[in-house]
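Terminal number for the sequence shown in my numbering: 190, no gaps in between.
Just so you know, these hints were derived from the structure itself, not from any lab. Among the hints, erroneous ones may be present.
[As the list claims (entries may be wrong)] Here are the computed lysine-lysine pairs in the DSSO-like style, where the Cα-Cα straight-line distance is at most 27 Å:
{"hint": "1", "residue 1": "K105", "residue 2": "K175"}
{"hint": "2", "residue 1": "K72", "residue 2": "K175"}
{"hint": "3", "residue 1": "K80", "residue 2": "K92"}
{"hint": "4", "residue 1": "K80", "residue 2": "K175"}
{"hint": "5", "residue 1": "K174", "residue 2": "K105"}
{"hint": "6", "residue 1": "K72", "residue 2": "K57"}
{"hint": "7", "residue 1": "K105", "residue 2": "K35"}
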Amino acid sequence: MVDDERHVREALRVVLEGAGYDVVCYEDGAALLEMTRKYTPACIFLDVFLPGRSGFEILKELTEYPAPVLMMSGKANIPMAVKAIRGGAANFIQKPFRSSELLNLLAKILEDAPRTSNNRPRAKPPLMGVPGREPLSDREREVVQILASGSSSSRSIGLALGISHRTAEDHRANIMKKLGVRNVVELMTAILR
């Protein structure tokens, strides 16, 4: 795990060790890169904002490394989540998050690791929805495409589609419900995966 905030590292260590995982923490990416030359972690937690090189710069250096990377940030936004997933991260999570949410996500990443462990960017999937979830309507897919472009206000969605902002809000709420996500960052991560 790489995070420059000591209290975050300690909190995550307690949660992960309590769930039976062995955890090694670092303040910066250089220490992580040095460790990966000697050891093989099952998963790497990587904060976006780090001293020296950013998490995205470290992610680029890990693209040939066989461990899935979970990117995280307390200042997350849609373009950041998209950049992480397209850059090869197995997933992206916005801080703060619940312990159960993190543990479920980690279990899913480790379960999928043989299929995603090369950490190379995946081809952009069609914006149809998420396997195992109710499919999105054509209009809902249009809303998702606008959200993916970085426009997240209901007013901008409404203007782009020629609908009222209230109708745009309804579409957005339906999308979140159908895909089982709570915010736009989680939505983009689900769609891109």
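Going down the list of hints, with the structure as the test:
no., hint, in the structure
1, K105 - K175, "holds, 19 Å"
2, K72 - K175, "holds, 25 Å"
3, K80 - K92, "holds, 17 Å"
4, K80 - K175, "holds, 24 Å"
5, K174 - K105, "holds, 20 Å"
6, K72 - K57, "holds, 20 Å"
7, K105 - K35, "holds, 26 Å"
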